[in-house]
Structure formats: C-alpha cells, structure tokens
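A.B. asks: Protein sequences, first through last, are from chains C and Z. At position 9 of the first sequence (counting the first as 1) the number is 29 in this note's numbering, and the numbers step up by one without a gap. At position 30 of the second sequence (counting the first as 1) the number is 36 in this note's numbering, and the numbers step up by one without a gap.
No lab work stands behind these hints, which were simulated from the structure alone. Some hints here could point you the wrong way.
Over the 12 Å line for every Cβ pair with chain C, so calculated as not near, a few chain Z residues [stated by the list, open to error]:
id, residue
1, A73
2, E74
3, P75
4, A77
5, A79
6, S147
7, S226
Ranges between beta-carbon positions, derived for each pair [said to hold, decoys possible]:
id, chain 1, residue 1, chain 2, residue 2, range
8, Z, T242, C, M34, 23 to 33 Å
9, Z, E237, C, A43, 11 to 21 Å
10, Z, A155, C, R58, 31 to 41 Å
11, Z, Q207, C, R58, 33 to 43 Å
12, C, A54, Z, G194, 30 to 40 Å
13, Z, A240, C, P57, 27 to 37 Å
14, C, H44, Z, Q141, 47 to 57 Å
15, Z, A112, C, A43, 37 to 47 Å
16, C, T28, Z, R151, 19 to 29 Å
17, C, M34, Z, R143, 16 to 26 Å
Using N, Cα and C, we set each Cβ at its ideal position, and we do this for glycine too.
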Amino acid sequence: MNDLDLITELRPEMPLAGPDQLAHARARVMAVVAAQPRAPRSAAAGPHRSARPGRLPAGGRGGSR
Amino acid sequence: MPEHLFSATPLALGRLPRTHIVWSADNRVTAAVTNEEQHDCGHRMRVSAAGLPVRADDAAIIEASCAEPDAFAGLFDRHAPLILRYIARRVGQSSADDLVAETFLAAFRRRQKYDTRHRDARPWLYGIATHLISQHRREESRQLRIRLAAGSAPEPADPGHGDRGVAAYVTANAVRGVLTAALAGLPGAERDVLVLIAWEQLSYDEVARALGIPVGTVMSRLSRARRRVREALARTGLSATFKEILSNE
Numbered sequence: 021m022n023d024l025d026l027i028t029e030l031r032p033e034m035p036l037a038g039p040d041q042l043a044h045a046r047a048r049v050m051a052v053v054a055a056q057p058r059a060p061r062s063a064a065a066g067p068h069r070s071a072r073p074g075r076l077p078a079g080g081r082g083g084s085r
Numbered sequence: 007m008p009e010h011l012f013s014a015t016p017l018a019l020g021r022l023p024r025t026h027i028v029w030s031a032d033n034r035v036t037a038a039v040t041n042e043e044q045h046d047c048g049h050r051m052r053v054s055a056a057g058l059p060v061r062a063d064d065a066a067i068i069e070a071s072c073a074e075p076d077a078f079a080g081l082f083d084r085h086a087p088l089i090l091r092y093i094a095r096r097v098g099q100s101s102a103d104d105l106v107a108e109t110f111l112a113a114f115r116r117r118q119k120y121d122t123r124h125r126d127a128r129p130w131l132y133g134i135a136t137h138l139i140s141q142h143r144r145e146e147s148r149q150l151r152i153r154l155a156a157g158s159a160p161e162p163a164d165p166g167h168g169d170r171g172v173a174a175y176v177t178a179n180a181v182r183g184v185l186t187a188a189l190a191g192l193p194g195a196e197r198d199v200l201v202l203i204a205w206e207q208l209s210y211d212e213v214a215r216a217l218g219i220p221v222g223t224v225m226s227r228l229s230r231a232r233r234r235v236r237e238a239l240a241r242t243g244l245s246a247t248f249k250e251i252l253s254n255e
C-alpha cells in the first residue's frame, strides 16, 4: 500500500444515484434540450466544421472540450 | 424492446450515414447507431451482425444529438450517475444535484465541438464537472473540513484484538485525518489530478483529456501532490506504521 492507495482509501464510498435521484437534474437538462430546435439538415453545424465558408478553422480540428 | 426507432441523417456531420436513434418505452434514448458499411468519414461505429441496433458509443450519441437534440438524453442517462457521485464526493450532495445538471447543460452546449475520435465521453464530462467544481473551491474545502471534524472512518462495531484493535482504529483515523488535511491543503490543480486518478480511477491519458493538459503535466502534478501527501504523513511520525495499520484494518 503506497500513498496513492491511501488517498484511494480516503474516497467517500457512495452508491450510484438511481433515476429518482437524478430526475430533477434530468428534467432541467431536457427542458433546455427540448427548447433547442431541431437543426435543418442544410444548416446544422457539426464537429470540425468551419464557421466561415471558404476559410479553414482557426484552431484546426475540434478539441474535446 | 424499443418502442420507437427514429432515423435521421445529420448532414452537418459531413458524410455520416443515417443515424438510428432507439427510444425505450419510457422515452429514454437507448442507442444511436449507424450502418458501418455506409460510413466513410473515418469514425468506426458499432453495429450488430444482423444489422440490429446495438448500444451506441458516446460519440455516436453526441453526433446524433447535433441533428436530433433529444438524443442527448442517452448521454445523460448513461453517465449522470457517475458524474453525480464524483461531484458529491468533492463538494457534497447538496451542491452536486445542481452541478450535475450544469455539467450536462455545458456538455450539451459544447456538443458540436466534441472530438468524435474519442468514443468514450466520460473524460470530457469529468473535465466539465471538474471545471465547475473549481468554481466551488470553498464548498470543497468545507466538505473536507466536515469530513476531518467528523472522523473519516465509521467506528467498527467490533474493533477486534482488544486494546490493540482500538489503538489501531484510533491511529488509522489519525492517518486519515492527516491525509484529509493534506488533500485539503493541495493546490486545486494538483487535487484535481490526484482525485481523478485515485478516486475516479482515470488513466493519465484520460485525465489529460479531461483537463485539457499534456500527459506530462498530469504526471508532474500527480508527482507533486503525492510528495506533499508523503511529507504530511512524515511530519506526523505515523508514517512508519500507517501501512501496517491500514492494511490490518
């Protein structure tokens, strides 16, 4: 057992939340999602898409954050 | 059995093929899959041999949600329990409910920038949650202080071995107190790395993705954090016995 194991031992053990516990957060998220209009196929923006037609994206490929 | 199978073609995703979103009877998204042979943009999608929908990976759900926002529910249902527990461990349950919603709202807003080469979105979600936690450092410190004051370990019903067992229990709690104080005293960036690795079991690569930093920076922050923890233990004089005490609990 090393110091990293000791920190792991310190981890508060708690069960994963069920749907009931997450219902409020889910409702909050889905309210925003539902308010988002479905993008028209021709106008929807996707990953790695340049904001300005004809120009390369300034940051290269999209990052994960 | 899925109640409804919805198909969409998100042209915004370039040359992606048709994406099938499978809804369960309680209106939850259970899968978003594409047909691999139609797929020519470099992303590999999982399909069953019979062409039936299979459990989609996170990237497929995120891609699908760009055209069909409701598909994002699949990501929430899959990962919200894990992210909620992570947040609760760090800032307490009372703030965690709000922060898990904030995490997924931020993820939803940023979904079009998600790098779909990463099929597993957990590090991305951990990163968003960690950023939100960083705006709640006071609550995190308070949570650690509460844990420190309360004692980290529940008293065993039977400490065992008479006085020796009780002494071991007391000493183990003292070690936990030192560790909790050391954790509370770490710079936030170091604590983020240490907790993601030690508590959430993320790999170095996953932590790097989560925090948007190089793997080398993850390793150096972890190294510094561990050195501080070891120094804190050494200062107590308990370090000679803590391994034996904790392993004998």
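A.B. asks: With reference to the structure, classify each hint as holding or not holding.
C.D. replies: Taking the hints in turn, this is what the structure says about them:
no.	hint	result
1	A73	violated, 5 Å
2	E74	violated, 6 Å
3	P75	violated, 4 Å
4	A77	violated, 9 Å
5	A79	violated, 6 Å
6	S147	holds, 15 Å
7	S226	holds, 15 Å
8	Z:T242 to C:M34: 23 to 33 Å	holds, 28 Å
9	Z:E237 to C:A43: 11 to 21 Å	violated, 45 Å
10	Z:A155 to C:R58: 31 to 41 Å	violated, 51 Å
11	Z:Q207 to C:R58: 33 to 43 Å	holds, 37 Å
12	C:A54 to Z:G194: 30 to 40 Å	holds, 35 Å
13	Z:A240 to C:P57: 27 to 37 Å	violated, 60 Å
14	C:H44 to Z:Q141: 47 to 57 Å	violated, 21 Å
15	Z:A112 to C:A43: 37 to 47 Å	violated, 20 Å
16	C:T28 to Z:R151: 19 to 29 Å	holds, 21 Å
17	C:M34 to Z:R143: 16 to 26 Å	holds, 21 Å
Of the hints listed earlier, those the structure fails to meet are numbers 1, 2, 3, 4, 5, 9, 10, 13, 14, 15, in rising order.
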